[in-house]
Structures are given as C-alpha cells and as structure tokens.
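J.: Use the sequences and the hints to build the structure in full.
For reference, the chains in residue letters:
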Amino acid sequence: MPNTAFHKLKDRIAVVGVGNTAYGNFPHTDDYGLGAEAFRRAVEDCGLDKNQVDGLGVCRVPYYARMGEILGLNPRWTVQFPPHGRMSAMAIIEAAAALDAGLCDYAALIYANIGRSRRVNYGGEESPGVWDPFGFTSPGAAHALMFQRHMALYGTTTRQLAEVSVAVRHHACLNPDAVMKQPITIEDHEATRPITAPLRLLDYCLINDGAVCLILTTKERARDLKKPPVMISGFGAREAYTGSSISNFNLNFWYDEVQDVARQTYGMAGVGPNDVDALMCYDNFSPTVLFSLEGLGFCKQGEAGSFVEGGTLRLGGRLPTNTDGGHLSNSYMQGWALNVEAVRQVRGECGARQVPNAQVVQFVATTPCSRSIIYTPG
Amino acid sequence: MSSKPRPRPDVFNTGFWQAAREGRFTIQRCDDCGDAHYPGTPVCPKCLSSSQSWAPASGRGTLLSWVRFHRAYWDGFREEVPYGVVLVGLEEGPMMLSNLVGAEPEDCTIGEKLEVTLDTSDPEWTLPKWRRVGRA
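Those sequence lines, one after another, are chains E and G. Residues in the first sequence are numbered consecutively from 1, following the working numbering. Residues in the second sequence are numbered consecutively from 1, following the working numbering.
One or more hints might be untrue.
As the list claims (entries may be wrong) - Looking from chain E toward chain G, a few residues come up when the C-beta cut is under 8 Å (computed):
| no. | residue |
| --- | --- |
| 1 | W77 |
| 2 | E125 |
| 3 | G135 |
| 4 | F136 |
| 5 | L145 |
Unchecked claim - With beta-carbon atoms standing in for the labels, derived distance ranges:
| no. | chain 1 | residue 1 | chain 2 | residue 2 | range |
| --- | --- | --- | --- | --- | --- |
| 6 | G | G15 | E | L201 | 36 to 44 Å |
| 7 | G | C33 | E | P273 | 36 to 44 Å |
| 8 | E | D11 | G | V43 | 36 to 44 Å |
| 9 | E | D11 | G | S58 | 54 to 62 Å |
| 10 | G | P123 | E | D256 | 39 to 47 Å |
| 11 | E | A152 | G | R24 | 29 to 37 Å |
Because the hints were derived from the structure by calculation, they are not lab data. In this text, a Cβ means the ideal position worked out from N, Cα and C, and glycines have one as well.
T.: Written out as structure tokens, the structure is:
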C-alpha cells in the first residue's frame, strides 16, 4: 500500500458543474468550438460567474492559451494533458490536489474531440510503432491480444464478451444524447464483422466529435453554487510502464495495478465493491470492462465472463455499468463523459437511465495509467 | 502495390537490425547487471547503466497470444488480410510481436514453444519471425 496521506482529500473537493455538447459528426466547428460549448453548459449548470474560474485543464484541445483566450479566462493554474484516452481521471485528481493546495479556487477541465470529422484511424501511418513491419498496430489489436489470452487461460467466450456491448447499448437507447440507439443482441454481436479477431466491430468504441467540461471546487465554495455538490470521496492510481512498447497491452490485464488502485480508492472512500451502486468503466474496447471488474474485485480473476452473463451490467442488474452508453454506444469522450455521467447519477438527473438512489458511483479506467474515482452525494 | 512498413529504429536499436542483417538474433543485455530487454533503451531500466550490448538470444520463446487482422491499416498488408500476428515471450524475458511461419495461430496452443527464423525476403531488413518447434 502506498503512502495514504492523500486520503485526507476524501470529501474535500466537489464536482459542481458538468456540461457536454451533442455527440456526432460536426465538421462546421472545431476542438475549440466544441470545448467552448461544453464549458458554457458547465458554467450554466453550476451558476458560477465564469470569470471566477481560475484553474484550467485541457485535454485533446490543441492549445491551452487559445482555449483561455476564447473563454476570456486568465487563470492562475493551467495544465495541458496529452490527448490520450487515459487522462480523464488523471486530470480530475490533479485538479483536486491543486484546489486543495489553493493553487486555484475553481478548476474547469475541458476535453474536446473532433476525431470523427478528421477521420482518425488510431493505427497505421497515423501512429508509427516498433511492430509495424509485422503488421501490428492499433489499440484495438492490443485488446484483442489480451482477450485471446483471457479466453485461453480462463475459458472466457465471445458471447460473454458480447454481454458488455449489449448492456451498454441498452443504456444508450435510454440516453437522448447517445450516438447509437438501435438495440443489439448477443447474436448481433457475434454476427458483426471481425476487425482484429477475436474482436468484432461491436467490441470497438465509437469515434465521434464532442466535448465535455467539469467544474470543480472545494467543499466550502461548493455550498454557494446552484446544485448540490457531488463529492470526490476516493481515488487511486497506478501506472504500468514496463513493457509499454506494446502500447495499450498488459500480459496480466493490468490486474495487479487495478488491484492496487482498488485498495487505494476503496480505502480512501471507506466503501467496497458491494457498496457500488453504478460503475462507469472506461470501455475503449469491451474486454477492458471484464479486466476492470476483476481488478476492482467485483469477481475473481478469470471469472468476469460468467459474472457479466445474464444482464449483470444492465440497469436493474447487479451492477449497472456505463449507464450513458459508454464509449461503445454513447460517445467517444475518452472517460470524460463517464465522469459526467457518474456526477449526474449521484445527482439523480438521469431520467430513464437513472439508477435508483445512486449513492456510490465509481469511475475506473484500466489502462497503462489506471485510475479510479468514487463519487458520493455532498 | 504499396510496400509494407519497414523498421524505423531509433539510435538505440540500430544494433538489433544490424545483427539481424548478419544472421544473428539478439537481445539487449546490460553489461553490468545482465538484465535483458527489448526494444533497446539508452540505459538499463533495472540499474541505469549505459553500458549495454546486443547479445545473442536463444531464439526460443513461448506463444503468449495472437490476433488476426481483418482490416488493413497499411496498403502493403491489404493482400494478406486476414493475417495473424503472434505475441512471443522470449526465453530471456522480453516480449516481441511477429508473425508465424509455416502454420496459422489457430493451429497452435497458447503456451506452446516457438523458435525464431530469420526472414530475409527483404534484402535490406531481416525480420525475426517464428515457427513451431520440431516442424518443417
């Protein structure tokens, strides 16, 4: 167990405002236009005078200063996060630490993605790598390697994997913002074309345009704002850089790292997996959800396939997961929209997809930089 | 037809490709602590020594996993889809991605032993590929 001095941040920092754009294909705007729209909605959500925002974190927005110029902000804390999928909770934790230290009073975190309009491929010449001469590229292929191994070691099946995509699509059908709104079945999953076998089209996240903003402040300042605050009650972190020349791959499914993250997060929040009312799980590819469930201890290693069978992850199931539709069916906001959904679930704002009385909502990203955050009512 | 992507080694990995061109399959070893790693690094990740060499590797490994690409991310691979890529755990510890020669991954069992075979079909770049042990 690492130094737990950071546990003093439990329930100290609140998410007070959230906002997102529509999700889709928006060639008429750009990263900044989308980011500005998400920021405006987050400011409206919390009722803050935007000029009080004195902390700015941006991710996948090309240039922090241009974003600040557009929003008329001259903050005293700025961080530019690289445009990687694993950054959302990393940024939220950094902002929480900065707010606690007094480096800023109100932090706005803005994520924008215009990959759909730009026809981003996430492989090949776009991301040259060591393994290109052998035909290996793309994060999806790395997850295919992991899932193939999971099948061999534990007997997990693609039909079990399909449970993830099917449950998450069911939730997207209840979310007015979601990109994909046609229900799917396990048979549909099995019938879609393979991309990097054993993964098929429905195991892949969407690529769409959109932006998300979260505004955070201290518990004391949160009381003066429009909506009840949602507290950051726990978090944890562990990287796995050894072996990362095979990008987005871990031979043991990041199990040890996520176990460490779970110990930190649950230890700080004073809850355990059985207390979690809803899980927001980074789902760039469907196997990540299985690896997350095992790492966090919702089931034993190797048992996630049987754990998810029969609708466990659906609303009304044992562990409603990615109630907004996730990356697979709502929007490819690289973890950011899932944190917004966690906040909305705790607030009770989710309408048809609301988990009744959601008191403990957990975000997790099982990646080379694994992170988890637990949100609870203030 | 477009050509396949070729290795683009950084300054710390030219030794690997030079050795391969000379018919030797190597791994980077720390001269001080003996740690083996790949791809090559400027310092040993274990002890930070900058004294490292491309040392002969056994060429024996284990099949850890595989994936079959149904999508061509490069035009040079378009005629080969669906093609397989295997993940091999070298006897010395590091992992490498490569292709299987003389068999398909579906024929193999994860955990089975493989051995390296140097593919010299490109006169400029010799690629380490893998085959099942004890088979032609």
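J.: Compare the structure with each hint and give your call.
T.: Hint check:
1. W77: Violated: closest Cβ of chain G sits about 33 Å from W77 of chain E, beyond 8 Å.
2. E125: OK, holds: E125 of chain E within 8 Å of chain G, min 7 Å.
3. G135: 5 Å, holds
4. F136: Since chain G brings a Cβ to about 5 Å from F136 of chain E, closer than 8 Å, the hint holds.
5. L145: 4 Å, holds
6. G:G15 - E:L201: 36 to 44 Å: 41 Å, holds
7. G:C33 - E:P273: 36 to 44 Å: 40 Å, holds
8. E:D11 - G:V43: 36 to 44 Å: 43 Å, holds
9. E:D11 - G:S58: 54 to 62 Å: 55 Å Cβ-Cβ, so the 54 to 62 Å window holds.
10. G:P123 - E:D256: 39 to 47 Å: The hinted range 39 to 47 Å holds for P123 of chain G and D256 of chain E, with Cβ atoms some 44 Å apart.
11. E:A152 - G:R24: 29 to 37 Å: For A152 of chain E and R24 of chain G the Cβ distance comes to about 32 Å; the hint holds.
In the structure shown, a violation is registered for the earlier hint numbered 1 alone.
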